[in-house]
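Trainee: As they're listed, the protein sequences go chains A and B. Sequential numbering from 1 applies to the first sequence in my numbering. Sequential numbering from 1 applies to the second sequence in my numbering.
It should be emphasised that the hints constitute simulated quantities derived from the structure, not laboratory data. Even for Gly, the Cβ is constructed at its ideal location relative to N, Cα and C. Check before you lean on any hint, since a few could be wrong.
Taking lysine to any residue and the SDA-like style, the derived pairs with C-alpha atoms no more than 20 angstroms apart in a straight line are [claimed, not checked]:
1) B:Lys-189 / A:Asp-261
2) A:Lys-312 / B:Leu-337
3) A:Lys-275 / B:Asp-261
4) A:Lys-275 / B:Pro-50
5) A:Lys-312 / B:Asp-190
6) B:Lys-189 / A:Gln-260
7) B:Lys-189 / A:Pro-235
8) A:Lys-180 / A:Asp-158
9) B:Lys-95 / B:Gln-152
10) A:Lys-251 / A:Arg-240
11) A:Lys-275 / A:Leu-37
12) A:Lys-312 / B:Ala-341
13) A:Lys-251 / B:Glu-111
14) A:Lys-4 / A:Gly-321
15) B:Lys-52 / B:Arg-284
16) A:Lys-359 / B:Gln-55
17) B:Lys-52 / B:Ser-403
18) A:Lys-136 / A:Pro-235
19) A:Lys-312 / B:Ser-16
20) B:Lys-95 / B:Gly-274
21) A:Lys-186 / A:Ala-103
22) A:Lys-275 / B:Leu-314
23) A:Lys-251 / B:Gln-162
24) A:Lys-186 / A:Ser-224
25) B:Lys-14 / A:Gly-286
26) A:Lys-275 / B:Trp-388
27) A:Lys-251 / A:Arg-81
28) A:Lys-359 / B:Ala-298
29) A:Lys-359 / B:Leu-314
30) B:Lys-52 / B:Gly-274
Just the calculated beta-carbon pair ranges, DEER-fashion [unchecked claim]:
31) B:Gln-431 / A:Gln-313: 17 to 27 angstroms
32) A:Val-289 / B:Ala-351: 39 to 49 angstroms
33) A:Lys-136 / B:Leu-318: 50 to 60 angstroms
34) A:Asp-112 / B:Pro-135: 12 to 22 angstroms
35) A:Pro-367 / B:Leu-318: 21 to 31 angstroms
36) A:Ala-355 / B:Trp-51: 42 to 52 angstroms
37) A:Leu-368 / B:Leu-6: 14 to 24 angstroms
38) A:Asp-158 / B:Asn-291: 37 to 47 angstroms
39) B:Pro-116 / A:Gly-134: 50 to 60 angstroms
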Amino acid sequence: MQIKPILAALRRHRLATLLIAMEIALACAVLCNACFLVARRWTMIQINSGVDESSLAVLTVNGFDPNQAADVNARMLTGLRSIPGVQSATLISEVPFGPQTGAAGVTHEPGDFKNLIGVVDFVLAGPGTFKALGLKLVEGRLPQPDDYRPATSFLPDDAQVLVTRQWAEHAWPGENPLGKDFWCDKMHFRVMGVVDHYARAQPSQYDLQQGEWTVFTPVVPGGSLAGTYLLRARPQDVQRVLQAARAAVPKIAPDVVLDQDNSKTLGDLRMNYFKTDRIMIGLLLGVVVLMLGVTALGIVGLTSFWVAQRRKQIGIRRAIGATRGDILRYFQTENFLIVTFGIALGMLLAFVLNAVLMKFYELPHLPLYYLPVGALVLWGLGQLAVLGPALRAAAVPPVVATRSV
Amino acid sequence: MFAYYLDLALRSLKRSPGLTALMVLAIGFGVAASMTSWSVFRAVSGDPIPWKSAQLFVPQIDNWGPSNNPLSQGEPPNAMDYADATALMRDHRAKLQSAMYQISPSVVPAEATKHPINVSGHAVYGEFFPMLDVPFQYGSGWGASDDTNRAQVVVISSKLNQKLFGGANSVGKSVNIESHDYRVVGVLKDWNPQPRFYDVVNSGGFNSQSDDVFLPFLTAIQANMQNDGNTNCNAVPKESGFVGLQHSECVWIAYMAELDDASAVSTYRNYLQGYAREQQQNGRFGWAPNNRLRNLPAWLDNQHVVPSDTKVSLLVALGLLLVCLVNTIGLLLAKFLRRSAEIGVRRALGAPRMAIYAQFLTEAGIVGVAGGVLGLLLTCAGVASVGWVMPKDIAALARLDVSLLLLTLLVAVVATMLAGLYPTYRASRVQPAWQLKSN
Numbered sequence: 001m002q003i004k005p006i007l008a009a010l011r012r013h014r015l016a017t018l019l020i021a022m023e024i025a026l027a028c029a030v031l032c033n034a035c036f037l038v039a040r041r042w043t044m045i046q047i048n049s050g051v052d053e054s055s056l057a058v059l060t061v062n063g064f065d066p067n068q069a070a071d072v073n074a075r076m077l078t079g080l081r082s083i084p085g086v087q088s089a090t091l092i093s094e095v096p097f098g099p100q101t102g103a104a105g106v107t108h109e110p111g112d113f114k115n116l117i118g119v120v121d122f123v124l125a126g127p128g129t130f131k132a133l134g135l136k137l138v139e140g141r142l143p144q145p146d147d148y149r150p151a152t153s154f155l156p157d158d159a160q161v162l163v164t165r166q167w168a169e170h171a172w173p174g175e176n177p178l179g180k181d182f183w184c185d186k187m188h189f190r191v192m193g194v195v196d197h198y199a200r201a202q203p204s205q206y207d208l209q210q211g212e213w214t215v216f217t218p219v220v221p222g223g224s225l226a227g228t229y230l231l232r233a234r235p236q237d238v239q240r241v242l243q244a245a246r247a248a249v250p251k252i253a254p255d256v257v258l259d260q261d262n263s264k265t266l267g268d269l270r271m272n273y274f275k276t277d278r279i280m281i282g283l284l285l286g287v288v289v290l291m292l293g294v295t296a297l298g299i300v301g302l303t304s305f306w307v308a309q310r311r312k313q314i315g316i317r318r319a320i321g322a323t324r325g326d327i328l329r330y331f332q333t334e335n336f337l338i339v340t341f342g343i344a345l346g347m348l349l350a351f352v353l354n355a356v357l358m359k360f361y362e363l364p365h366l367p368l369y370y371l372p373v374g375a376l377v378l379w380g381l382g383q384l385a386v387l388g389p390a391l392r393a394a395a396v397p398p399v400v401a402t403r404s405v
Numbered sequence: 001m002f003a004y005y006l007d008l009a010l011r012s013l014k015r016s017p018g019l020t021a022l023m024v025l026a027i028g029f030g031v032a033a034s035m036t037s038w039s040v041f042r043a044v045s046g047d048p049i050p051w052k053s054a055q056l057f058v059p060q061i062d063n064w065g066p067s068n069n070p071l072s073q074g075e076p077p078n079a080m081d082y083a084d085a086t087a088l089m090r091d092h093r094a095k096l097q098s099a100m101y102q103i104s105p106s107v108v109p110a111e112a113t114k115h116p117i118n119v120s121g122h123a124v125y126g127e128f129f130p131m132l133d134v135p136f137q138y139g140s141g142w143g144a145s146d147d148t149n150r151a152q153v154v155v156i157s158s159k160l161n162q163k164l165f166g167g168a169n170s171v172g173k174s175v176n177i178e179s180h181d182y183r184v185v186g187v188l189k190d191w192n193p194q195p196r197f198y199d200v201v202n203s204g205g206f207n208s209q210s211d212d213v214f215l216p217f218l219t220a221i222q223a224n225m226q227n228d229g230n231t232n233c234n235a236v237p238k239e240s241g242f243v244g245l246q247h248s249e250c251v252w253i254a255y256m257a258e259l260d261d262a263s264a265v266s267t268y269r270n271y272l273q274g275y276a277r278e279q280q281q282n283g284r285f286g287w288a289p290n291n292r293l294r295n296l297p298a299w300l301d302n303q304h305v306v307p308s309d310t311k312v313s314l315l316v317a318l319g320l321l322l323v324c325l326v327n328t329i330g331l332l333l334a335k336f337l338r339r340s341a342e343i344g345v346r347r348a349l350g351a352p353r354m355a356i357y358a359q360f361l362t363e364a365g366i367v368g369v370a371g372g373v374l375g376l377l378l379t380c381a382g383v384a385s386v387g388w389v390m391p392k393d394i395a396a397l398a399r400l401d402v403s404l405l406l407l408t409l410l411v412a413v414v415a416t417m418l419a420g421l422y423p424t425y426r427a428s429r430v431q432p433a434w435q436l437k438s439n
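Required output: the full structure, derived from the provided sequences and hints.
Mentor: What follows is the structure, given as structure tokens:
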């Protein structure tokens, strides 16, 4: 296939060629960046919460006096445990995809806020909560009865805690986290165990690599651990049990207010939490598909136009011996050249766009492999779009050459 | 003559109906898709008040100076001290404005059997409510005179109203807060914007507990209601207690102002500059004025409250529009560049260049306007259908930006007209005889 005549022909349609190439370039830049966004959100949606979401529900009440916390807890737990189908009712301060209650910066040395290791979610949990959550212990030991410490302010002053593997690898890379110490201001914590996965309450407000920076803190019920109850039931019973529990609250404790929004099954909380992410993914994919469609139609339109315009020339080429395949390949090669030009421009554009976004919006780098994949998609799209008009061109009979105009 | 060109254009467009349809559809879909996705993206972008966020501004005044704040890289503190906040309120230079701080008073229910409860809320000025379009179920906010008179009035949330009054219209009833009686003037509808944009510094942006009470700022100060939010100090206050805090340079007050247009913004900027210079002259600030005046999106961005990739999504929506426009322009160019023979004939028969321009602009204009009208219809259909595709709370935020839509339509039509102009320009430069001969 000779490329020279194609280039010569394209030179006569400089502006139209340039515009199609620009369209491809824009499409390439938008495609790469949009897919990158979709991939990031998709990874976030897939986050492993580490708990038995299908068997759990959370019930939140508020509006009681903090001095009454222990009393409210006792009444609520007794009341909730008496509901048929409830396997366990325990105290917890926050659950994955629920409201965040205890995020704080922690350090290797007491009060050393200049050298923060990171901001973790402290999950305060009463007896039985670890088992109810269904967390998987990979190292160390489970909390024993005397590990539960009173939390007078927000956290206990000194406690043994369980951390996630993700956090342990961040805080003590390459070291055995068991027995390691860390501090939140003047409060001291020692790692007694490591769990496989445990998502923090609001994972998507943090980086992808920080979604499981969770510290499981055994605490004696009362004080700051009150009002939020974790219910466990068989997966098929959870919804019913939660409804029964919500209905029972006014009878169990007439002096509290049920927080409707934050009394849900964990499955519903997760659905609700990632609602906007799912919408964004759908929309972005819609935009990408629409854009690829428009680009393809543009190529079809322009090539059809060129085919109609060149009917006579095609006829002449056929008359002097070109095969149908030659004509077909001519248009395919032409398209390939234009798309390649567009892709080259587009990669540059995608990278510039990403660099600008990184600078202003602290977005991570566009992974390099997006570019060749985007190029392949656009090449394929161009060849598909050009096929129809090119086949029509190949079908032009040689006799056209002998007709005037 | 225009009617004739219209006729010619329609004939020409009819000759290649597929191509014409493609161009019109490309423009229409481009406009509609980018505008619809723009409005939805904006709704999910974490901007809690998208229809007004560009008019809401957060002023910052540097009352700590450069030496005290090496970590901030020249940024002023992200909240205000009492002196600056009350001075700005006294001067009252914006259309609407409010200083505010977080409170956590205890409320004593009327029945003696019930325990007092701790609620969270904000002490604000009366203009807070109209400024933020806060929705009311009963009653309304309080007036300017209530602010200055330190009136004992309160606005409560629907949740608290449910708890205290069983959800009935409680306007005019009284509530016991911190053992003082306050008259209820308004009950809010369910209102818990996320992020809590009016006070992101104290809530970290997102807060599960909605605000249950709103008291007049000066009333709360007089009642000695402590600040429940963050307090940042560059030095230990000289006097102790809440009054000491008010006399210190510690920052703990959020501030927001509504400025409706660019001139109001620049006037306000100058005012802040003048205020800081005055403080410099009377010796309180030992440094040149260092203020910021960011609108709400920029402020949320500065405080890292809004996820960053939503902005990229907006760019993606605009990218789609660009692709559609480039597509149409390419097709129009291809179509028009082939018409040089026709132009030659008209020119040879005596048509002036202007007549050629008029003819082709008419044709391109028809495509542009048809695409624009289609785009307008599709956008309306798109935004209307957002309601039954998306969850209700998202759909409520997805509003059409009319000025942006008009701008997009204008861009679409002008771009197609320009696409029509260039080939005509080229064709009409050439001597008519050349084009006639070549065929």
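Trainee: Each hint needs a verdict: does it hold in this structure or not?
Mentor: Hints versus structure:
{"no.": "1", "hint": "B:Lys-189 / A:Asp-261", "verdict": "holds (15 angstroms)"}
{"no.": "2", "hint": "A:Lys-312 / B:Leu-337", "verdict": "holds (18 angstroms)"}
{"no.": "3", "hint": "A:Lys-275 / B:Asp-261", "verdict": "violated (35 angstroms)"}
{"no.": "4", "hint": "A:Lys-275 / B:Pro-50", "verdict": "holds (19 angstroms)"}
{"no.": "5", "hint": "A:Lys-312 / B:Asp-190", "verdict": "violated (71 angstroms)"}
{"no.": "6", "hint": "B:Lys-189 / A:Gln-260", "verdict": "holds (15 angstroms)"}
{"no.": "7", "hint": "B:Lys-189 / A:Pro-235", "verdict": "violated (35 angstroms)"}
{"no.": "8", "hint": "A:Lys-180 / A:Asp-158", "verdict": "holds (13 angstroms)"}
{"no.": "9", "hint": "B:Lys-95 / B:Gln-152", "verdict": "violated (25 angstroms)"}
{"no.": "10", "hint": "A:Lys-251 / A:Arg-240", "verdict": "holds (18 angstroms)"}
{"no.": "11", "hint": "A:Lys-275 / A:Leu-37", "verdict": "holds (16 angstroms)"}
{"no.": "12", "hint": "A:Lys-312 / B:Ala-341", "verdict": "holds (16 angstroms)"}
{"no.": "13", "hint": "A:Lys-251 / B:Glu-111", "verdict": "holds (18 angstroms)"}
{"no.": "14", "hint": "A:Lys-4 / A:Gly-321", "verdict": "holds (19 angstroms)"}
{"no.": "15", "hint": "B:Lys-52 / B:Arg-284", "verdict": "violated (35 angstroms)"}
{"no.": "16", "hint": "A:Lys-359 / B:Gln-55", "verdict": "violated (26 angstroms)"}
{"no.": "17", "hint": "B:Lys-52 / B:Ser-403", "verdict": "holds (13 angstroms)"}
{"no.": "18", "hint": "A:Lys-136 / A:Pro-235", "verdict": "holds (19 angstroms)"}
{"no.": "19", "hint": "A:Lys-312 / B:Ser-16", "verdict": "holds (19 angstroms)"}
{"no.": "20", "hint": "B:Lys-95 / B:Gly-274", "verdict": "holds (18 angstroms)"}
{"no.": "21", "hint": "A:Lys-186 / A:Ala-103", "verdict": "holds (16 angstroms)"}
{"no.": "22", "hint": "A:Lys-275 / B:Leu-314", "verdict": "holds (18 angstroms)"}
{"no.": "23", "hint": "A:Lys-251 / B:Gln-162", "verdict": "holds (17 angstroms)"}
{"no.": "24", "hint": "A:Lys-186 / A:Ser-224", "verdict": "holds (18 angstroms)"}
{"no.": "25", "hint": "B:Lys-14 / A:Gly-286", "verdict": "violated (31 angstroms)"}
{"no.": "26", "hint": "A:Lys-275 / B:Trp-388", "verdict": "holds (15 angstroms)"}
{"no.": "27", "hint": "A:Lys-251 / A:Arg-81", "verdict": "holds (14 angstroms)"}
{"no.": "28", "hint": "A:Lys-359 / B:Ala-298", "verdict": "holds (15 angstroms)"}
{"no.": "29", "hint": "A:Lys-359 / B:Leu-314", "verdict": "holds (17 angstroms)"}
{"no.": "30", "hint": "B:Lys-52 / B:Gly-274", "verdict": "violated (27 angstroms)"}
{"no.": "31", "hint": "B:Gln-431 / A:Gln-313: 17 to 27 angstroms", "verdict": "holds (25 angstroms)"}
{"no.": "32", "hint": "A:Val-289 / B:Ala-351: 39 to 49 angstroms", "verdict": "holds (45 angstroms)"}
{"no.": "33", "hint": "A:Lys-136 / B:Leu-318: 50 to 60 angstroms", "verdict": "violated (45 angstroms)"}
{"no.": "34", "hint": "A:Asp-112 / B:Pro-135: 12 to 22 angstroms", "verdict": "violated (46 angstroms)"}
{"no.": "35", "hint": "A:Pro-367 / B:Leu-318: 21 to 31 angstroms", "verdict": "holds (23 angstroms)"}
{"no.": "36", "hint": "A:Ala-355 / B:Trp-51: 42 to 52 angstroms", "verdict": "violated (32 angstroms)"}
{"no.": "37", "hint": "A:Leu-368 / B:Leu-6: 14 to 24 angstroms", "verdict": "violated (53 angstroms)"}
{"no.": "38", "hint": "A:Asp-158 / B:Asn-291: 37 to 47 angstroms", "verdict": "holds (45 angstroms)"}
{"no.": "39", "hint": "B:Pro-116 / A:Gly-134: 50 to 60 angstroms", "verdict": "violated (39 angstroms)"}
Figure legend: structure checked against the earlier numbered hints; hints not met, in rising order: 3, 5, 7, 9, 15, 16, 25, 30, 33, 34, 36, 37 and 39.
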